[in-house]
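With the hints as constraints, model all of the structure from the sequences given.
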Amino acid sequence: MEKSYYNPKDLKKFGEIADFEPKLAEKFFDYYGEVFKEGALTAREKSLIALAVSHSEQCPYCIDAYTEDALKRGINEAQMMEAVHVAAAIKGGATLVHSVQMMNKVKKQSM
Amino acid sequence: MIKSLKASGNKLAMIENQLKVLAGEPFKTELPTFVDKLKPINQFPLKPNKLEIFQINLGYMCNQVCKHCHVDAGPDRKEIMTKDHLERCIEILKANNIPTVDLTGGAPEMNPLFRWFVEELTNIGVQEIIVRSNLTIIRANKKHYDLPEFFKKHNVHVVSSLPYYQAGKTDAQRGDGVFAKSIKALQSLNDVGYGIEGSDLILDLVYNPTGAFLPGDQMELEAEFKKNLKNDFDIDFHALFAITNIPISRFLDYLVASDNYEEYMEKLVMAFNPAAVDGVMCKNTISVDWDGYMYDCDFNQQLDMKVADKSTQHINDFNIEKLAARTILINQHCYGCTAGAGSSCQGTVA
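Chains as they are written, first to last, in our numbering: chain A, 1 to 111; chain B, 1001 to 1350.
Heads up, a few of these hints could be off.
[What the hints assert, rightly or not] Okay, derived cross-link-like pairs now, EDC-like style, lysine to aspartate or glutamate, Cα gap no bigger than 16 Å in a straight line:
(1) A:K72 - B:D1217
(2) A:K37 - B:D1217
(3) B:K1067 - B:D1176
(4) A:K37 - B:E1220
(5) B:K1267 - A:E21
(6) A:K46 - B:E1262
(7) A:K72 - B:E1220
(8) B:K1006 - B:D1076
(9) A:K13 - A:D64
(10) A:K9 - B:E1263
(11) B:K1020 - B:E1262
(12) B:K1169 - A:E77
(13) A:K27 - A:E16
(14) B:K1184 - B:D1234
(15) A:K13 - B:E1266
(16) A:K72 - B:E1224
(17) B:K1094 - B:E1120
(18) B:K1267 - A:D64
(19) B:K1226 - B:E1197
(20) A:K9 - B:D1084
(21) A:K12 - B:E1263
(22) A:K12 - B:E1262
(23) A:K12 - B:E1266
(24) B:K1003 - B:D1076
(25) A:K12 - B:E1030
(26) B:K1230 - B:E1262
(27) B:K1047 - B:E1030
(28) A:K9 - B:E1030
(29) A:K12 - A:E68
(30) B:K1267 - A:D10
(31) B:K1267 - A:E68
(32) A:K9 - A:E68
(33) A:K9 - B:E1266
(34) B:K1226 - B:D1204
(35) B:K1153 - B:E1128
(36) B:K1153 - B:E1120
(37) A:K46 - B:D1217
Hints in this document: simulated from the structure, not taken from any laboratory. It should be emphasised that the depicted structure is a prediction, and the values quoted were computed from it without experimental measurement.
This is how it looks when you write it as structure tokens:
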């Protein structure tokens, strides 16, 4: 058993998921590649979305990969941080909007 | 202002120490050497194509001390090309049909014979004269203020470094205040017609990553630079060359000191693109140092890897047939030119 759940070098082994199940891995990687191509959104816009989602998903591999991708694309620190704030705002909002449920229950059950 | 590696007594100022780093890990055990990569694609030994670019380093003196500089240039460097060597270069260019002369440094404009030399190049009818200008030299001293007019008069192709379209990243790599002076210099070049769409006065920019990462897509970066420089400073330019930082000299020092060296080399190796090998600049370029010695490229110059044929290592012994038959010298730093879309003094190659 590894001493740590996360090892930065494991990111390079991502493709090895095909060793255990090649067909689904192939479909996934083909899909992944298609998703990030230029489309209605630019590859640059998709990279920033991926960076933001990497944070909300708290995936260290993805944060590593999409920070590097952002640097390569010349995306600056302010742009990266604003993207993360968008993720944080949605995450925070998603938490807070659930408080309406808490408030509803409190109001219903209180005199 | 920081000092050059040489002036500060840094151990990497000694070329043998740079070569030791390049010969060590991760290439001893983990990663393939550059030779290992060239052999299976039948590119070893690497051979040149027709000589098209005669790149002359006019001296290592520079008014800037950029953190990534592969030349280790700076105000404290005194190596400068003398008139006898410049005259010999003219003779070589007269006698051989080499279409492009690429003047670099240091700041080539700091060589006192720079203007005389450009005039001579014009007189002998060189097809294209490239000057790699750091931009700030144009604003460094009143005597240089008219450089844009001088470039225009000689139809010089100006290639200038600008690692970002904002001050923070640019100054972090090139020194405090460099961005503001670079912007003024670019505006003065635009004022005489450089960089304007449709203009014959070509102004290209060079983008180097401001850290231990590889450049992204050249077209995408160019579009971002064009949009932001136009919006913020009304600056126009023609093309952006995205150039990979080569792991030698001051950039190597930065990689080692910041504990990024092995990871950076791994990125270069992982990004090795066989299709980029055909376009590497050492195949069509000869690089000449301030002292008249010749190299396969400017990077080999800084590692003192003179062209392999000992009978034609100096411009006084220039022999175009022998140079055409030479084997290009390579080392692990060459991975910098074959990563991704490839990298050369003219940008991507694949």
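Query raised in the report: What are the numbers of the hints the structure violates, in ascending order?
Result: 5, 6, 20, 26 and 27
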